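**Q** Chain residues, written in single-letter form:
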Amino acid sequence: MMSPIKLSLLSAAAFIIPILFVVLIGGYRRLLIRMAFSVSALASLISVGAGILAVSSSAAEQLILPLGLPSLPFHLRLDQLSGFFLFVVGLLSFFVSIYSVGYVTGLAAGKPVKRLIVFYNIFIAAMFMVCLADDALIFMVAWEVMAAASYFLVMFEDGRSENRRAAYLYMVMAHIGAILILLSFGVMAGIAGGFENFTGYTFDAMREAEFPLKWATAAFLLSFFGFAAKAGVIPFHVWLPEAHPVAPSNVSALMSGVMLKTAIYGIVRVTFDIINVFPWWWGMMVLVLGLVSAVMGVLYALMQHDLKKLLAYHSVENIGIILIGIGLSMIFTSFNLPAMAALALIAGLYHTMNHAMFKGLLFMGAGAVLNATHERNMDEMGGLIHHMPWTSVLFLVGCISISALPPFNGFVSEWLTFQAFLLSPSLPNPLMKLLIPLGAALLALTGALAAACFVKVFGVVFLGNWRGLSRPLLTKVTEVTEAGWSMRIGMMLAAFTCLCLGILPAIIIKWMDVISEELLQTRLITTSGVYDWMWLTPVDPERASYSGPLVLIGIAAVCAITYLLLHVKPGKISRVPVWDCGFKKLTSKMQYNAVSFSMPFRRIFGFLFDIKEQISLLPQRRHPAFPVKSSYYLRVRDRFWGWIYKPVIDAVVLLSRKAGMIQHGRIHVYLIYSFVTIIVLLALL
Amino acid sequence: MNLQLLAQINSFLAALVLLTSFAMLSQRKINSLVTLFAWQGLFLSINTAVVGFVAAKHHLYISSLLTLSLKVILLPYILHVLVVRLKIRKEMETIVNIPTTMLIGIALVIFSYHLTAPVREMSTLITRSTLAVALATVMIGLLMMITRKHAVTQIIGFLAMENGLFFAATSATYGMPLVVELGVALDVLIAAFIFGIFFFQISTTFDSLSVEQMESLREDN
Chain D
1 MMSPIKLSLL SAAAFIIPIL FVVLIGGYRR LLIRMAFSVS ALASLISVGA GILAVSSSAA
61 EQLILPLGLP SLPFHLRLDQ LSGFFLFVVG LLSFFVSIYS VGYVTGLAAG KPVKRLIVFY
121 NIFIAAMFMV CLADDALIFM VAWEVMAAAS YFLVMFEDGR SENRRAAYLY MVMAHIGAIL
181 ILLSFGVMAG IAGGFENFTG YTFDAMREAE FPLKWATAAF LLSFFGFAAK AGVIPFHVWL
241 PEAHPVAPSN VSALMSGVML KTAIYGIVRV TFDIINVFPW WWGMMVLVLG LVSAVMGVLY
301 ALMQHDLKKL LAYHSVENIG IILIGIGLSM IFTSFNLPAM AALALIAGLY HTMNHAMFKG
361 LLFMGAGAVL NATHERNMDE MGGLIHHMPW TSVLFLVGCI SISALPPFNG FVSEWLTFQA
421 FLLSPSLPNP LMKLLIPLGA ALLALTGALA AACFVKVFGV VFLGNWRGLS RPLLTKVTEV
481 TEAGWSMRIG MMLAAFTCLC LGILPAIIIK WMDVISEELL QTRLITTSGV YDWMWLTPVD
541 PERASYSGPL VLIGIAAVCA ITYLLLHVKP GKISRVPVWD CGFKKLTSKM QYNAVSFSMP
601 FRRIFGFLFD IKEQISLLPQ RRHPAFPVKS SYYLRVRDRF WGWIYKPVID AVVLLSRKAG
661 MIQHGRIHVY LIYSFVTIIV LLALL
Chain B
1 MNLQLLAQIN SFLAALVLLT SFAMLSQRKI NSLVTLFAWQ GLFLSINTAV VGFVAAKHHL
61 YISSLLTLSL KVILLPYILH VLVVRLKIRK EMETIVNIPT TMLIGIALVI FSYHLTAPVR
121 EMSTLITRST LAVALATVMI GLLMMITRKH AVTQIIGFLA MENGLFFAAT SATYGMPLVV
181 ELGVALDVLI AAFIFGIFFF QISTTFDSLS VEQMESLRED N
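Chains as they are written, first to last, in my numbering: chain D, 1 to 685; chain B, 1 to 221.
Bear in mind the hints are in silico, worked out from the structure with no lab data behind them. Computed from a predicted model, the values in this text were never measured in an experiment.
Heads up, incomplete: computed chain D residues facing chain B, CB under 10 Å, no partners named:
1) 669
2) 671
3) 672
4) 678
Restricting the straight-line Cα-Cα distance to at most 20 Å, the calculated cross-link-like pairs of lysine to any residue (SDA-like) are:
5) 149(B) - 665(D)
6) 149(B) - 675(D)
7) 149(B) - 673(D)
Glycine residues also receive a C-beta, built at the ideal position from the N, C-alpha and C atoms.
Could you build all of it, start to finish, from the sequences and the hints given here?
**A** Here is the structure:
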């Protein structure tokens with residue numbers, strides 16, 4: 001039996017095999033896709049096993065690789081926290097790799113599939129290495145490899161300038177984040193081993209160091225904002241809605257599902273494991289940013305009518321929810337309330353896993369829809385449930401999960417977060433006692449808005465009738481076919497995982513409870529009863545408990561009774577045309593679409609957006625009441641772009657203009673610059 | 001031979017190097033410029049041998065031979081071939097007129113003496129007084145690069161700067177380790193080759209070797 005860390009290293013190394021396939025059998029497209037993604041799936045499965053073993057085993061394992069710079073070898077470590085993230089990354093990569101076999105085969109013939117396979121595998125392997133890293137050097141190497149590989153994946157269809165712009169924006173944001181993280185490691189290594197040498201570069205050395213408060217604050221702020229740029233926390237979210245839609249859907253599933261989670265891993269690792277000093281305002285800042293991201297993310301999502309852009313904004317929302325859990329946990333830790341901190345941390349980590357699963361599922365579903373219709377705009381779709389029954393049911397599972405409804409997994413983690421919120425009155429600070437429950441209200445609003453948003457998505461895309469009328473070249477609805485088997489299997493596995501995580505949370509939380517023991521030295525669930533696999537009781541049974549299996553049985557019973565009541569007697573259901581109010585001319589254009597569905601929210605929350613709305617009525621021949629043609633124009637923009645990013649970009653452009661003035665292009669002038677510099681320096685020094 | 005005499009010889013050679021520098025600054029014809037550069041290399045080579053004798057450092061004889069073969073024979077030959085091949089005959093324009101350039105050169109020499117004064121106080125080497133000359137040679141080389149428009153004079157200016165650096169190394173510390181000197185010599189040789197190739201390209205692209213033409217490569221803003 002191999003030790004977990006060697007097993008995980010093996011799985012990361014196994015991602016070289018698909019790249020070799022590209023070289024060896026690159027000519028046979030179909031065979032290449034099948035073999036390459038099967039091997040990726042297998043390698044991901046190995047790391048799932050390694051992750052489970054690592055969480056279950058009690059001790060952390062370390063390994064020093066004979067690689068790296070001279071006298072600065074790479075350190076690896078697999079403890080419960082990295083094991084958990086390895087498990088999450090591996091599980092979704094496994095599903096997505098299975099899905100990719102069908103998805104990539106379905107891509108148009110001219111697309112650069114080989115490039116996709118190469119960078120896809122590098123990308124996943126780099127995510128594994130990020131989770132395993134135990135020194136600043138290999139962490140940064142893996143982090144940057146991950147960013148570069150995903151950059152090339154976003155650039156997949158580089159023929160369109162929109163995609164190149166999105167990829168460039170992503171690269172810039174990723175690098176700003178990476179620089180901040182690097183600086184943070186620099187500060188921590190400097191404190192741990194002195195600023196003159198490199199001995200402090202291992203996480204072990206940083207763990208042992210005692211950080212003075214101001215340096216700890218500097219390190220925390222740098223690393224938090226660095227990771228926030230990757231995670232897409234507002235106001236660093238601008239790259240997400242640009243980059244996710246243009247990447248191939250299997251890549252979006254991975255980027256949104258697990259790449260953002262590596263940033264969460266980084267935050268937890270640095271904050272709870274390495275720095276381990278907690279002034280209360282750190283947690284408060286994380287909590288507030290999480291709340292802002294959650295509410296703003298879901299509101300922006302509501303305004304979208306591009307399916308993948310909408311999902312991208314939901315990632316912002318869910319990262320916000322995860323940060324709420326982590327922020328609460330930091331606050332509780334700073335007031336020395338470890339049991340509550342453990343609850344909040346587990347809530348955040350559980351939501352991390354849940355979001356990976358359901359967001360992966362939703363992006364896979366979106367990819368299936370995209371492959372079938374070649375369309376991202378929801379307002380051109382409709383009625384797909386008749387043509388893609390499997391995809392629509394699986395997508396519905398994702399919708400219910402993300403809307404935090406039982407019996408699926410989204411409910412459990414948000415419920416846990418609420419429990420953590422409701423414990424905040426036991427905090428000693430009176431101001432926080434009052435303010436933090438307000439956060440719970442915002443979280444509730446987020447959940448409700450997310451549900452509204454997914455009612456819109458499912459209703460507009462899958463229900464009703466096909467709308468694709470506005471453009472003649474659009475795919476005909478008869479050409480829309482169900483997704484292939486491998487795509488269905490990938491989605492089914494993810495949906496099944498969502499269900500399992502939703503109905504058996506007690507078992508899973510018991511399994512991952514060791515993380516809170518590792519980081520906070522306390523366990524969440526201390527009691528053990530006969531039926532404890534059925535009941536999730538985070539605080540105590542009198543306060544609140546949730547039983548997934550019972551809720552599932554209840555829902556199944558209600559569904560079965562309704563079905564029996566309706567279907568047991570034939571002839572009770574009759575299908576008739578929609579009542580048209582006597583108008584007689586119903587077309588599919590008259591359905592509610594994404595824009596009209598979200599109109600009330602645009603009215604209520606309009607002040608948060610930069611909205612431009614125009615209705616123009618074209619030639620009025622006889623009477624203004626009978627326009628020949630009317631058109632509606634709507635543009636909803638992110639205000640953060642104008643508030644934060646545009647001034648920065650303008651300033652940079654202005655500065656480079658000014659700097660350009662001393663560039664004459666004449667060699668003599670440049671020589672004079674250096675000559676004068678030398679003379680001045682010689683004279684002064 | 002007594003040390004006093006050797007120091008005198010050393011100073012005399014330094015003066016000759018400086019003199020050739022000024023001569024190069026005032027020379028308009030490229031062929032004469034190449035010849036002057038070869039003379040400067042010769043003085044440098046003799047000086048290195050003298051310093052090697054004084055300091056009893058035998059590796060300096062090797063670098064003296066290296067200087068002789070490279071800077072007196074090979075590089076001037078390459079430059080000469082370049083001048084013939086590129087058919088450069090006409091006199092060269094300067095940006096600043098020659099008397100002014102000479103005045104700036106004199107100012108640079110005074111500046112160098114001023115700068116190296118503290119070093120002369122502290123050093124015990126017999127070659128210490130020539131350090132100012134070496135620094136001045138470097139600066140005059142740079143000045144030549146600035147004031148001349150022609151690309152070939154720019155490389156001669158660059159090589160003159162290198163001569164100055166080499167001179168500074170021998171006079172300030174009795175020479176660098178042989179490995180370093182071999183490396184530098186190789187670098188200079190390679191640089192000369194690359195310059196040569198570039199000049200052919202430039203002259204075919206712009207029909208001229210005046211670096212002012214390259215201004216058109218600038219990005220418009």
